[in-house]
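Student: Fit chain B with the ligand to the known structure of chain A by using the hints.
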Amino acid sequence: MMQDKITNVLIVGVGGQGTLLTSRIIAQVAVQMGYDVKVSEIHGMAQRGGSVVSQVRYGTKIYSPIIKKGDADIILGFEKIETARWLDYLKPDGMVIINNERVNPLPVMSGKAKYPDNIHEKIAAILPQTVIVNATEIATDIGNVKAANVALVGLLSAAVGIPAEEVEKAITDIVPRKALEVNLQAFREGRNRYRMAG
Amino acid sequence: MKQLMIGNEAIARGAFEAGATVATAYPGTPSTEIVTNFADFEGVYAQWAPNEKVAMEVGAGASIGGARTLVAMKHVGINVAADPLYTFAYTGVNGGMVIISADDPGMHSSQNEQDNRGYGRFAKLLVIEPSDSQEALDFTRQAFDLSEQFDTPVMLRITTRLAHSQTMVEKGEPQTPVLKEYKKNAPKYVMLPGYARGRHVEVEKHFEALREYVETSPLNRIEWGDRKIGIITSGIPYQYVKEVMGDISVLKLGIVNPLPRKMIEEFAAGVERLIIVEELEPVIEEQVRSWGIKVEGKERFTLLGEYSPEYLEQQLKGAVPPVGFGLEKEIPARPPLLCAGCPHRGVFHTLRRMKLKVAGDIGCYTLGALSPLEGMDTCICMGASIGTAMGLEKARGEEFAAKTVAVIGDSTFVHSGITPLIDVVYNQGTSTVMILDNDTTAMTGHQDHPATGVNIRKQPTNKLDIEALVRAIGVKNVRVVDPLKLDELETALKEELARREPSVIIAKRPCVLLEKVVVTNPIMVDPELCTGCKSCIRVGCTGISFNDEEKKAEINAGCIACGLCEQVCTFDAIKPVEV
Ligand SMILES: Cc1ncc(C[n+]2csc(CCOP(=O)(O)OP(=O)(O)O)c2C)c(N)n1
Numbered sequence: 003m004m005q006d007k008i009t010n011v012l013i014v015g016v017g018g019q020g021t022l023l024t025s026r027i028i029a030q031v032a033v034q035m036g037y038d039v040k041v042s043e044i045h046g047m048a049q050r051g052g053s054v055v056s057q058v059r060y061g062t063k064i065y066s067p068i069i070k071k072g073d074a075d076i077i078l079g080f081e082k083i084e085t086a087r088w089l090d091y092l093k094p095d096g097m098v099i100i101n102n103e104r105v106n107p108l109p110v111m112s113g114k115a116k117y118p119d120n121i122h123e124k125i126a127a128i129l130p131q132t133v134i135v136n137a138t139e140i141a142t143d144i145g146n147v148k149a150a151n152v153a154l155v156g157l158l159s160a161a162v163g164i165p166a167e168e169v170e171k172a173i174t175d176i177v178p179r180k181a182l183e184v185n186l187q188a189f190r191e192g193r194n195r196y197r198m199a200g
Numbered sequence: 274m275k276q277l278m279i280g281n282e283a284i285a286r287g288a289f290e291a292g293a294t295v296a297t298a299y300p301g302t303p304s305t306e307i308v309t310n311f312a313d314f315e316g317v318y319a320q321w322a323p324n325e326k327v328a329m330e331v332g333a334g335a336s337i338g339g340a341r342t343l344v345a346m347k348h349v350g351i352n353v354a355a356d357p358l359y360t361f362a363y364t365g366v367n368g369g370m371v372i373i374s375a376d377d378p379g380m381h382s383s384q385n386e387q388d389n390r391g392y393g394r395f396a397k398l399l400v401i402e403p404s405d406s407q408e409a410l411d412f413t414r415q416a417f418d419l420s421e422q423f424d425t426p427v428m429l430r431i432t433t434r435l436a437h438s439q440t441m442v443e444k445g446e447p448q449t450p451v452l453k454e455y456k457k458n459a460p461k462y463v464m465l466p467g468y469a470r471g472r473h474v475e476v477e478k479h480f481e482a483l484r485e486y487v488e489t490s491p492l493n494r495i496e497w498g499d500r501k502i503g504i505i506t507s508g509i510p511y512q513y514v515k516e517v518m519g520d521i522s523v524l525k526l527g528i529v530n531p532l533p534r535k536m537i538e539e540f541a542a543g544v545e546r547l548i549i550v551e552e553l554e555p556v557i558e559e560q561v562r563s564w565g566i567k568v569e570g571k572e573r574f575t576l577l578g579e580y581s582p583e584y585l586e587q588q589l590k591g592a593v594p595p596v597g598f599g600l601e602k603e604i605p606a607r608p609p610l611l612c613a614g615c616p617h618r619g620v621f622h623t624l625r626r627m628k629l630k631v632a633g634d635i636g637c638y639t640l641g642a643l644s645p646l647e648g649m650d651t652c653i654c655m656g657a658s659i660g661t662a663m664g665l666e667k668a669r670g671e672e673f674a675a676k677t678v679a680v681i682g683d684s685t686f687v688h689s690g691i692t693p694l695i696d697v698v699y700n701q702g703t704s705t706v707m708i709l710d711n712d713t714t715a716m717t718g719h720q721d722h723p724a725t726g727v728n729i730r731k732q733p734t735n736k737l738d739i740e741a742l743v744r745a746i747g748v749k750n751v752r753v754v755d756p757l758k759l760d761e762l763e764t765a766l767k768e769e770l771a772r773r774e775p776s777v778i779i780a781k782r783p784c785v786l787l788e789k790v791v792v793t794n795p796i797m798v799d800p801e802l803c804t805g806c807k808s809c810i811r812v813g814c815t816g817i818s819f820n821d822e823e824k825k826a827e828i829n830a831g832c833i834a835c836g837l838c839e840q841v842c843t844f845d846a847i848k849p850v851e852v
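The listed protein sequences correspond, in order, to chains A and B. Position one of the first sequence corresponds to residue 3 (our numbering), numbered consecutively onward. Position one of the second sequence corresponds to residue 274 (our numbering), numbered consecutively onward.
Among the hints, a few may not be true.
[To be verified] Distance ranges between label pairs, derived from CB positions: (1) B:D520 to A:G36: 20 to 30 angstroms; (2) B:E496 to A:P94: 51 to 61 angstroms; (3) A:T142 to B:A606: 25 to 35 angstroms; (4) A:T174 to B:R534: 32 to 42 angstroms; (5) B:G334 to A:R104: 47 to 57 angstroms; (6) A:T174 to B:D799: 44 to 54 angstroms; (7) A:P94 to B:D520: 35 to 45 angstroms; (8) A:A115 to B:N700: 22 to 32 angstroms; (9) A:P94 to B:T360: 52 to 62 angstroms; (10) B:G445 to A:P130: 46 to 56 angstroms.
[To be verified] Listed below are the simulated SDA-like cross-link pairs for lysine to any residue, each with C-alpha atoms no more than 25 angstroms apart in a straight line: (11) A:K63 to B:R494; (12) B:K602 to A:Y117; (13) A:K7 to B:Q276; (14) A:K148 to B:E839; (15) B:K781 to B:E839; (16) B:K848 to B:P800; (17) B:K571 to B:F598; (18) A:K71 to B:P605; (19) B:K275 to A:P165.
These aren't lab readings, by the way, just hints derived from the structure by calculation. Computed from a prediction, not measured in an experiment: that's the story for all the values here. Note that beta-carbon positions come from the ideal geometry of N, C-alpha and C, so glycine has one too.
So that you can see chain A by itself, here it is in the shape it has in the complex:
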């Protein structure tokens, strides 16, 4: 099932939200499926609560490790304003998955700036292919808040059309044993939510 097409996935959020594990799983699945894969992540100052971005690209042959502005097929946003911040990287007909989570940046906490109202709805109004989900809620229902990022893997993998078995294999490889069951459940529920939204 190799396609010539290149898939560009942008995963954005706030330092500490677990975006790295998500990009690792997606990249691992693409490797398993025999694609050429490149992943770009910038560490450093961003870790100190700044905005973080992972870029995952896969296809038959990948050159640039970073995605061109306006060329992402899909943006997975772990946080609402971070999704909006990176939105210009999306293709005009691209898809957005937004985790309905708000993490106030310092200027908002200190009352110097306003957190924009209903930013996720504004995105949905511009982009018909928007899915809004509450991954924290999914994970809490299953019994471990920390599995929220793997729930998002569920939605993302369904959106880019990679088979569930491949992802489950990668999750089994990457996630520690004792957290595996919860994570697989979170993943499946994420997949489900995507189907329901679609």
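Tutor: Here is chain B with the ligand on its own, set in the frame of chain A:
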């Protein structure tokens, strides 16, 4: 089986496969993971050096001792190591040596974006530049052979984008390490003028041989395509060129110093337009121009920052930037910040309150320069704080010094803060120096250093006693305070600033990220007592926020009950949660 690796891991693997047995480094983004990965291999020695100069010197010794040696640092680290580097280029190697210079175009986490290919030209080093992780592995491996073949340390120059991008790698079979024979050879390794003159002749000879080698090296290659445009490029920009330019002709340089002149002349003659795509300085371009070849370069491309595929598309094909969706205007910035409970916060809160001038330094605490703490006047490079405070004093007098402190982290103090403190004592300055001892190198991801008493493999080792060291230097006034006890801190500062003698205040409390914090004494804001004055908000902590509707502060889930805001609140509104 191919697997994904970041560039840094691939470099460590390449060094291991080449039979390197010694690796030495000082941490610095984006180079840090090279030696941490190398330390995971069996049968090799890896270490954190106190600074890059020491790393370079230990590397020189290991190479002279016959081992293949890896030395890694970020670009500005090469400045610190430049003295031994330039002269080690004269002595040459015994066991091969590869020096990694991890440059940071775009300054993702650096104080400047210097282009270290320049070092290669000045020190006459062979400089190799990979374009992905596979090349990072293969080129590192080959670099060791070339180092021995041409009797020169080799610089492998990478950038942040290569260091931290994962691409597919096929590992190779490691070769068995060979410890070359050690022979005393003073004319080669003792750089007295008389011997050094002889070595300079050798350097020029080797470099001539290298000029020939690079013409046929497999690391340089021409990819002929459509000949209307030919692009000379290297490193990560090569990938961007391939991404956006389709089937044009490309001369891909894997070696950026020396340049293959004949190959470039042949390429230039074979294309209608010759363009050079290189981030930062026109290092390739100026040399090519000097040979009388017509090229397009920096008149088209910026000297600033990191390039991207869309930037190249715009500059090379006149592509119009995508219009976007216009939402970014309403998005508040998300600056990096000190963690909730960070001990540095107490320091900068106090420095601001006391309206002191602060000669700062580099580390997490540099974030104390940003809003809302805004507690720093200068920050230049690692170790600069103490010398800067001394210079301020010598320019403006002791009155000024009585309102000035130098602030420096523990890792940075060990790195390059000791000699300037000696200067203060020797030249009778009166500086007050604060050493922020959080028991780690936090900024770069929590590496150990000599004063943590733990080595790179997390084994216990001798622990540098900073307090005893400072006393031995001749500082008579030394005290240790808890940076989250504000009264204690303020008293210490007042007393030490009043003295017409050098003082050191060691603000000691471990980084909050070192151990998982379990909050046993949660706190709350009593809405009855909170007046909404925001003085707690001005400490800039993510554990407390302002509720705009209620006009009151509130504690949130990020709080670890460090007690700072409690001490700041003058209305006693912040207090333990009653159970
Ligand atoms: C010459 C040089 N080497 C390395 C670095 C990368 N770097 C920046 S700050 C720092 C050390 C920070 O540790 P410390 O002083 O203990 O402060 P902390 O971050 O723990 O607060 C390092 C290694 C640099 N900027 N310059």
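Student: Among all the numbered hints in the text so far, which are the ones the structure does not match?
Tutor: Hints 2, 4, 7, 8, 14 and 17 not satisfied by this model.
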